[in-house]
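J.: Chain residues, written in single-letter form:
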Amino acid sequence: MADNSWGLFTTFGFFIVMLFICGAYCLIVTRNMMRALIGIELLIKAVTLLIILAGYVTGRTALAQALVITIIVIEVVVAATAASIIVWVFRHTNTLDVKSLRNLKG
Amino acid sequence: MNIDIALLIFTTVAALWSVLARSLLKATMSLAVTSALISVLIFRLSSPLAAVIELSVCAGLITAVFVSAISLSKPLTHKEVLEISKHRHKRYWYLPFILALAAAALMFLKIKKDFIFALPPASQEEVKTVLWNMRQFDMLGQVVVLLAGALGVVILFSGEKRDGR
Numbered sequence: 082m083a084d085n086s087w088g089l090f091t092t093f094g095f096f097i098v099m100l101f102i103c104g105a106y107c108l109i110v111t112r113n114m115m116r117a118l119i120g121i122e123l124l125i126k127a128v129t130l131l132i133i134l135a136g137y138v139t140g141r142t143a144l145a146q147a148l149v150i151t152i153i154v155i156e157v158v159v160a161a162t163a164a165s166i167i168v169w170v171f172r173h174t175n176t177l178d179v180k181s182l183r184n185l186k187g
Numbered sequence: 006m007n008i009d010i011a012l013l014i015f016t017t018v019a020a021l022w023s024v025l026a027r028s029l030l031k032a033t034m035s036l037a038v039t040s041a042l043i044s045v046l047i048f049r050l051s052s053p054l055a056a057v058i059e060l061s062v063c064a065g066l067i068t069a070v071f072v073s074a075i076s077l078s079k080p081l082t083h084k085e086v087l088e089i090s091k092h093r094h095k096r097y098w099y100l101p102f103i104l105a106l107a108a109a110a111l112m113f114l115k116i117k118k119d120f121i122f123a124l125p126p127a128s129q130e131e132v133k134t135v136l137w138n139m140r141q142f143d144m145l146g147q148v149v150v151l152l153a154g155a156l157g158v159v160i161l162f163s164g165e166k167r168d169g170r
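Those protein sequences? They're chains A and B, same order as listed.
Just add 81 to the spot in the first sequence (first one is 1) and you have our numbering.
Just add 5 to the spot in the second sequence (first one is 1) and you have our numbering.
Next up, chain A with everything else stripped away, as it sits in the complex (with noise of 0.2 Å):
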């Protein structure tokens, strides 16, 4: 790896480890759930961008491109079902907390 592309991939990878810590510390300590699904898309943008900056320096740029893409398309689908079922959720039980959901009886 050349000196220019390690430069640019510690910048960039310092700044991808703090959004990471931003979308985990959200995912730790929220109770509510639309603010969990926003502490996972953090999460996966992260790594969206992580992804992309290792086809980058490695040349790759065409494999990593595919490989965002199913990391895109699998994103909408957990963000559209996890919006779904905490509607619902919210319409049974009258809260987004996430501790409305010990009360679930099977």
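Be aware that one or more of the hints could be misleading.
[What the hints assert, rightly or not] A few chain B residues that face chain A, going by a derived Cβ cut-off under 7 Å, partial list only: (1) Ala-20; (2) Leu-29; (3) Arg-140; (4) Gly-154.
Quick caveat, the hints were computed from the structure, so don't treat them as lab data.
Even for Gly, the Cβ is constructed at its ideal location relative to N, Cα and C.
Assemble the complex: chain A is given as a structure, and chain B must be docked to it using the hints.
T.: Just chain B now, kept in the frame of chain A:
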């Protein structure tokens, strides 16, 4: 490189705001801004196709899904907002400090580049070649996941309709 660093700083600030914002709508808008900035960064990293999909799908479609989900839930009263925000500060004010600590730790950490193993020489393929010829199984998986997601959303909302009858 300077533009990249500025974009990366704005992306981190937008991500931080999407976690710290009191209103869910503001958090969703900040997430859309984060997506848009990331798509610019992806474009600058010579990946235009992924950038366009990130911008249209993540900044557009997912934001629309989030806003519609938020609009279907009941807004809190002013009293409830004040009560919740009192407890929120206690839980969330650690995040900027954790970010600052992690930044300091990463700056002092001397990472050697020897840990990355030597890669075989890169081949110059096009995205469509990789997507349709090399990763056909991925495409099949994507189609199945899309169908499963669409079915899941339809079943969840049609179940609600049946309950309402």
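J.: Decide, hint by hint, whether the structure agrees.
T.: Here's how the hints hold up against the structure:
Given the 7 Å rule on beta carbons, the hint for B:Ala-20 holds: about 4 Å separates it from the nearest Cβ of chain A. Satisfaction of the interface hint for B:Leu-29 is found here, the shortest Cβ-Cβ separation to chain A being roughly 5 Å, below the 7 Å cut-off. Satisfaction of the interface hint for B:Arg-140 is found here, the shortest Cβ-Cβ separation to chain A being roughly 5 Å, below the 7 Å cut-off. With a cut of 7 Å, the hint placing B:Gly-154 at the interface with chain A holds, because the nearest CB-to-CB distance is about 3 Å.
Violation of the numbered hints given earlier is absent; every hint is satisfied by the structure.
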